[in-house]
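Q: Whenever a hint applies, use it, and build me the whole structure from the sequences.
2 protein chains.
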Amino acid sequence: MTPRRPQPSRAPEGRRPQRARDPEARRAALAKAAMEVVAENGVGRTTHRAVAARAGLPLGATTYYFPTLDDLIAAGLHHALDALQADLRIWEERLRQSPDWPEALTDLAQEYLKDRRQVHIEYELCVAAARDTALRPLATAWMDGVPDMLAPTIGLDTARDVCAVLDGFILRALATDTELDTTRLTAAIRRLSPDHHPVPGS
Amino acid sequence: MTPRRPQPSRAPEGRRPQRARDPEARRAALAKAAMEVVAENGVGRTTHRAVAARAGLPLGATTYYFPTLDDLIAAGLHHALDALQADLRIWEERLRQSPDWPEALTDLAQEYLKDRRQVHIEYELCVAAARDTALRPLATAWMDGVPDMLAPTIGLDTARDVCAVLDGFILRALATDTELDTTRLTAAIRRLSPDHHPVPGS
DNA sequence: ATCACTCTTGTACGGATGTACAAGTACGAT
DNA sequence: ATCGTACTTGTACATCCGTACAAGAGTGAT
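Sequences listed follow chains A and B, in order. Sequential numbering of the first sequence, starting at 1, is according to full-length UniProt numbering. Sequential numbering of the second sequence, starting at 1, is according to full-length UniProt numbering.
Honestly, the hints are just simulated from the structure, not real lab data. Among these hints, one or two may not hold up.
No copy labels: a pair is met if it fits in one copy or bridges any two.
DMTMM-like, lysine to aspartate or glutamate: derived pairs with alpha carbons at most 25 Å apart [as the list claims (entries may be wrong)]:
no., residue 1, residue 2
1, 32, 103
2, 114, 157
3, 32, 87
4, 32, 195
5, 32, 100
6, 114, 132
7, 114, 71
8, 114, 195
9, 114, 24
10, 114, 179
11, 114, 144
12, 32, 181
13, 32, 132
14, 114, 70
15, 114, 181
16, 32, 179
17, 32, 111
18, 114, 92
A: Set out below in structure tokens:
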């Protein structure tokens with residue numbers, strides 16, 4: 001209906017009233033939206049249009065702020081990495097204050113797994129980085145996050161070992177959609193930690 | 001050039017001579033091709049046309065044998081899982097014959113990592129399964145592969161622990177495109193295994 | 001007030017994609 | 001021999017994609 005548009009060359013009515021300018025906020029909103037879309041659809045099914053819709057912005061905004069789709073996705077992954085590293089600083093504090101760090105670490109992991117979307121995107125990053133060289137620095141930074149946090153306490157090598165079991169347990173929980181096996185994880189971390197001495201009579 | 005299609009309604013000349021019928025071979029070829037495309041492009045960028053081209057078959061073959069794209073991809077992942085489980089039986093034998101199974105397991109992992117495409121697709125499966133319920137049985141089966149293999153020797157729980165470190169180390173190597181840290185991995189596996197007793201005076 | 005510039009918004013376009021389908025062909029049953 | 005069926009092959013089509021771009025509209029300098 002509405003026999004509107006008598007002159008197709010000029011139809012400024014349907015145009016959305018222009019919003020206040022805020023380039024940096026837009027960049028951030030797009031990065032956040034990209035992160036969410038990647039978490040939900042995966043890197044391969046992330047599109048300009050999905051991100052724009054998610055951010056509530058017109059399609060053109062995506063290409064204005066990010067020259068190419070890969071850049072947009074990279075921004076989303078970068079945003080996720082920043083979020084994780086902010087979390088890690090909190091973790092570090094919590095670990096420092098805990099009398100039993102292996103158990104505390106397990107608790108943190110379980111908490112981390114509450115929001116699977118966040119977890120999902122990190123592993124998505126790993127797999128994507130395996131394919132795309134440009135993402136490798138991001139993946140490396142992510143991979144170094146937990147070990148760097150643990151290194152002051154237990155040394156870098158052991159920290160990497162602990163991070164590996166942690167990743168393995170989380171990957172299992174993620175892929176099979178099950179709960180984290182906390183008791184086994186804590187025990188495994190203990191056995192990997194340098195001050196672990198099993199009872200001799202076992 | 002080439003004066004185009006004088007009679008567009010009838011042009012049976014260019015038609016490829018029909019190949020011998022072999023439905024099962026086609027199914028298998030498509031599954032294999034799907035596996036390869038997924039390994040190279042990822043689940044999200046796998047298309048009918050890429051798989052068909054890879055298999056050297058016409059586009060229609062993909063939809064004839066697999067009703068939907070998701071089915072085609074699932075078939076590819078299933079194919080990869082079968083390949084892995086075949087490998088696992090060989091691993092099992094190699095482990096049984098080795099006097100030092102942690103070291104042997106590390107060697108096998110390193111060998112496994114030689115072909116990153118194969119490794120890649122397995123982790124792709126995990127991430128995809130986290131998003132898609134239909135893939136979860138496949139991911140679970142994959143996750144159980146290594147633990148089931150190790151369980152007779154060290155028990156299921158410890159086997160899962162060892163599998164977790166293994167996965168963690170492999171994930172790191174995959175994401176950062178580095179070599180597997182074999183000495184650290186072997187040491188970590190040893191510390192997780194039940195008969196490990198650290199030297200008391202350390 | 002004018003201008004230059006940056007940001008916003010909508011739309012266009014060539015191409016790729018999932019799926020449907022028509023036309024043709026091998027092959028076993030009769 | 002013929003016939004029905006299951007398989008093969010090419011193409012059609014609506015939709016979605018990445019990217020380009022034109023047309024406004026704020027904003028600060030002059």
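Q: How do residue 32 and residue 181 come out at 25 Å by Cα distance, when the copy is not named: within, between, both, or neither?
A: Neither. Shortest intra-copy (31 Å) and inter-copy (35 Å) distances fail the 25 Å Cα cut-off.
Q: Is it within, between, both, or neither for residue 114 and residue 70, if the alpha carbons may be no more than 25 Å apart?
A: Classified as neither: same-chain Cα gap 29 Å, cross-chain 28 Å, threshold 25 Å.
Q: 25 Å Cα cut-off: does residue 114 pair with residue 92 within a copy, between copies, both or neither?
A: within (19 Å within a copy, 36 Å between copies)
Q: How would you classify residue 114 and residue 132 at a CA-CA limit of 25 Å: within, between, both, or neither?
A: Cα proximity of residue 114 and residue 132: across copies only (18 Å, versus 29 Å in one copy).
Q: Is the C-alpha distance from residue 32 to residue 195 at most 25 Å within one copy, between copies, in both cases, or in neither?
A: Result: close neither inside a copy nor across copies, 41 Å intra and 48 Å inter.
Q: As a check of your reading, is residue 114 near residue 144 (CA-CA no more than 25 Å) within one copy, between copies, both or neither?
A: both (22 Å within a copy, 23 Å between copies)
Q: With identical chains treated as interchangeable, where does the CA-CA distance between residue 114 and residue 24 reach 25 Å or less: within a copy, between copies, both, or neither?
A: neither (30 Å within a copy, 44 Å between copies)
Q: Is the C-alpha distance from residue 32 to residue 100 at most 25 Å within one copy, between copies, in both cases, or in neither?
A: This pair counts as neither: shortest intra-copy Cα distance 35 Å, inter-copy 49 Å.
Q: With 25 Å as the alpha-carbon cut-off, assign the pair residue 114 and residue 195 to within, between, both or neither.
A: neither (30 Å within a copy, 35 Å between copies)
Q: Give the relationship of residue 32 and residue 179 under a CA distance limit of 25 Å: within one copy only, between copies only, both, or neither.
A: neither (27 Å within a copy, 33 Å between copies)
Q: Between the shortest in-copy and the shortest cross-copy C-alpha distance, which are at most 25 Å for residue 32 and residue 87: within, between, both, or neither?
A: Cα proximity of residue 32 and residue 87: one copy only (16 Å, versus 41 Å across).
Q: Treating 25 Å as the Cα threshold, decide for residue 32 and residue 103: within, between, both or neither.
A: neither (32 Å within a copy, 44 Å between copies)
Figure legend: structure checked against the earlier numbered hints; hints not met, in rising order: 1, 4, 5, 7, 8, 9, 12, 14, 16.
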